[in-house]
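Trainee: With the hints as a guide, bring the two chains together.
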Amino acid sequence: DQQVKQNSPSLSVQEGRISILNCDYTNSMFDYFLWYKKYPAEGPTFLISISSIKDKNEDGRFTVFLNKSAKHLSLHIVPSQPGDSAVYFCAAKGSSNTGKLIFGQGTTLQVKP
Amino acid sequence: DVKVTQSSRYLVKRTGEKVFLECVQDMDHENMFWYRQDPGLGLRLIYFSYDVKMKEKGDIPEGYSVSREKKERFSLILESASTNQTSMYLCASGGYGEGQPQHFGDGTRLSIL
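Listed in order, the protein sequences are those of chains A and B.
Here my numbering is used: the first residue of the first sequence is 257, the next is one more, and so on.
Here my numbering is used: the first residue of the second sequence is 8, the next is one more, and so on.
One chain only, chain B, in its complex shape (with noise of 0.2 Å):
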């Protein structure tokens, strides 16, 4: 089974402060995702990487940027954090091919003071 593991459920920050977000994978994807929810929004694509190094902007990269040093391992990054960052935060990896399915980690519920 494809794990996708976020370092953190729950986090809690003050605004202004620079967050991270961790995301490991262990099916050797090439393409890998961050999105956050919220409600009546759906699923908003932040930003994706299709391999080491390589990014691609997403629908909503303000205020975001990521990291891909290692091809198991993509993080996200708020570089001032904002209250309207408070969200849930998921990562995927996967989807390459044909009807691949893209496989999420369970999530972590950030909050913004």
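Just chain A, with the same shape it has in the complex (with noise of 0.2 Å):
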């Protein structure tokens, strides 16, 4: 049973417009999102997360949308870069503190120049 879904496996986008990568997910009681990204051969690094109790975070060019009610949540980037291109992980987070994380499948961004 997937708990968090990214139902895109790819997106391109043209160099300066807006990237918008979906999320969705079962579980009412994760407490976190987060968005990692990765490039090929080397470690998915965090970009920015969301705590359920707010709608919006945003930091610089990213920011993260979280609509509970519809248990989805979205990282927009804008401007996107050529330097975004890569694959973009979902995570929720339940309430332990194991922080233990729960990760979608993924979404391979392709920024075109």
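Don't read these hints as lab results, they were simulated from the structure.
Do not rely on the hints blindly, as some may be mistaken.
Pairwise CB distance ranges (calculated) [said to hold, decoys possible]:
| no. | chain 1 | residue 1 | chain 2 | residue 2 | range |
| --- | --- | --- | --- | --- | --- |
| 1 | A | P335 | B | P46 | 38 to 48 Å |
| 2 | A | T301 | B | D35 | 35 to 45 Å |
| 3 | A | Q337 | B | G23 | 22 to 32 Å |
| 4 | B | R16 | A | Q366 | 38 to 48 Å |
| 5 | B | E76 | A | L267 | 36 to 46 Å |
| 6 | B | G70 | A | G272 | 21 to 31 Å |
| 7 | A | Q366 | B | E105 | 14 to 24 Å |
| 8 | B | Y103 | A | T301 | 10 to 20 Å |
| 9 | A | P335 | B | E24 | 42 to 52 Å |
| 10 | A | Q259 | B | M61 | 21 to 31 Å |
| 11 | B | Y17 | A | P265 | 18 to 28 Å |
| 12 | A | P335 | B | R80 | 13 to 23 Å |
| 13 | A | I309 | B | K64 | 23 to 33 Å |
Computed footprint of chain A on chain B, listed as stretches where at least three residues anywhere in the stretch have a Cβ under 8 Å from a Cβ of chain A [what the hints assert, rightly or not]:
| no. | region |
| --- | --- |
| 14 | 49–60 |
| 15 | 102–111 |
The calculated lysine-lysine pairs, modelled on PhoX-like cross-linking and capped at a C-alpha distance of 20 Å, are [unchecked claim]:
| no. | chain 1 | residue 1 | chain 2 | residue 2 |
| --- | --- | --- | --- | --- |
| 16 | B | K10 | B | K64 |
| 17 | B | K60 | A | K356 |
| 18 | A | K312 | A | K293 |
| 19 | A | K261 | A | K293 |
| 20 | B | K10 | B | K25 |
| 21 | A | K368 | A | K312 |
| 22 | A | K356 | A | K368 |
| 23 | B | K20 | B | K10 |
| 24 | A | K368 | A | K293 |
| 25 | A | K261 | A | K356 |
| 26 | B | K78 | B | K10 |
| 27 | A | K356 | B | K62 |
| 28 | A | K293 | B | K62 |
| 29 | B | K78 | A | K356 |
| 30 | B | K25 | A | K356 |
In this text, a Cβ means the ideal position worked out from N, Cα and C, and glycines have one as well.
Mentor: The following block contains the structure:
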């Protein structure tokens, strides 16, 4: 049972445009959501997170939106740059202090120059 | 900066061998994790540890064991390697407390022949 889903395996956008990556979840007890970026042959790097008590968090070009009623979150990248081309994973954390995360399948973003 | 170091970037082993993957972190984190990443499946948690000598099974523990004798070191053991364990293995540490992210190593690409 996939508790965190990224239904789009890939996304292609033009440089300078907005990239929107989506993520759905099923468990209403998740209290934090995180986005990671992964380049080939490297480990995932943390991008941005959002608490379940908020609906938006912004950091530079990256903004995460959370819609709790729809159990949906999205990552907006504006403006997109070729260096943003990578696999993006969303992850959800439960309320325990083990820090255990549940990851989605990932979305490969390609930003074309 | 947090540093998570995995002992090998690439490893080739034979079916039936016992395989050890080592991970060291330098931030005194209590929590450490082992994941495998496969195309279309995202990151799946194999085992995690929240303290020295403490471990818990993740979502796919079958065929694996772990060891945490020192706080900074977390080892993943494939007891008798099989071809379906060919994968990218990622170690992470951290994640304790509200919204604190996990930090990942660069991964070990393991091929079982």
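Trainee: Against each hint, give a clear statement of whether it holds in the structure.
Mentor: Hint check:
no.: 1; hint: P335/A - P46/B: 38 to 48 Å; verdict: 29 Å, violated
no.: 2; hint: T301/A - D35/B: 35 to 45 Å; verdict: 20 Å, violated
no.: 3; hint: Q337/A - G23/B: 22 to 32 Å; verdict: 47 Å, violated
no.: 4; hint: R16/B - Q366/A: 38 to 48 Å; verdict: 25 Å, violated
no.: 5; hint: E76/B - L267/A: 36 to 46 Å; verdict: 43 Å, holds
no.: 6; hint: G70/B - G272/A: 21 to 31 Å; verdict: 47 Å, violated
no.: 7; hint: Q366/A - E105/B: 14 to 24 Å; verdict: 34 Å, violated
no.: 8; hint: Y103/B - T301/A: 10 to 20 Å; verdict: 19 Å, holds
no.: 9; hint: P335/A - E24/B: 42 to 52 Å; verdict: 49 Å, holds
no.: 10; hint: Q259/A - M61/B: 21 to 31 Å; verdict: 24 Å, holds
no.: 11; hint: Y17/B - P265/A: 18 to 28 Å; verdict: 26 Å, holds
no.: 12; hint: P335/A - R80/B: 13 to 23 Å; verdict: 42 Å, violated
no.: 13; hint: I309/A - K64/B: 23 to 33 Å; verdict: 30 Å, holds
no.: 14; hint: 49–60; verdict: holds (count 6)
no.: 15; hint: 102–111; verdict: holds (count 10)
no.: 16; hint: K10/B - K64/B; verdict: 24 Å, violated
no.: 17; hint: K60/B - K356/A; verdict: 18 Å, holds
no.: 18; hint: K312/A - K293/A; verdict: 19 Å, holds
no.: 19; hint: K261/A - K293/A; verdict: 16 Å, holds
no.: 20; hint: K10/B - K25/B; verdict: 27 Å, violated
no.: 21; hint: K368/A - K312/A; verdict: 27 Å, violated
no.: 22; hint: K356/A - K368/A; verdict: 35 Å, violated
no.: 23; hint: K20/B - K10/B; verdict: 27 Å, violated
no.: 24; hint: K368/A - K293/A; verdict: 17 Å, holds
no.: 25; hint: K261/A - K356/A; verdict: 17 Å, holds
no.: 26; hint: K78/B - K10/B; verdict: 14 Å, holds
no.: 27; hint: K356/A - K62/B; verdict: 12 Å, holds
no.: 28; hint: K293/A - K62/B; verdict: 27 Å, violated
no.: 29; hint: K78/B - K356/A; verdict: 17 Å, holds
no.: 30; hint: K25/B - K356/A; verdict: 27 Å, violated
Violated hints, listed in ascending order, are 1, 2, 3, 4, 6, 7, 12, 16, 20, 21, 22, 23, 28, 30; each of the other numbered hints is respected by the structure.
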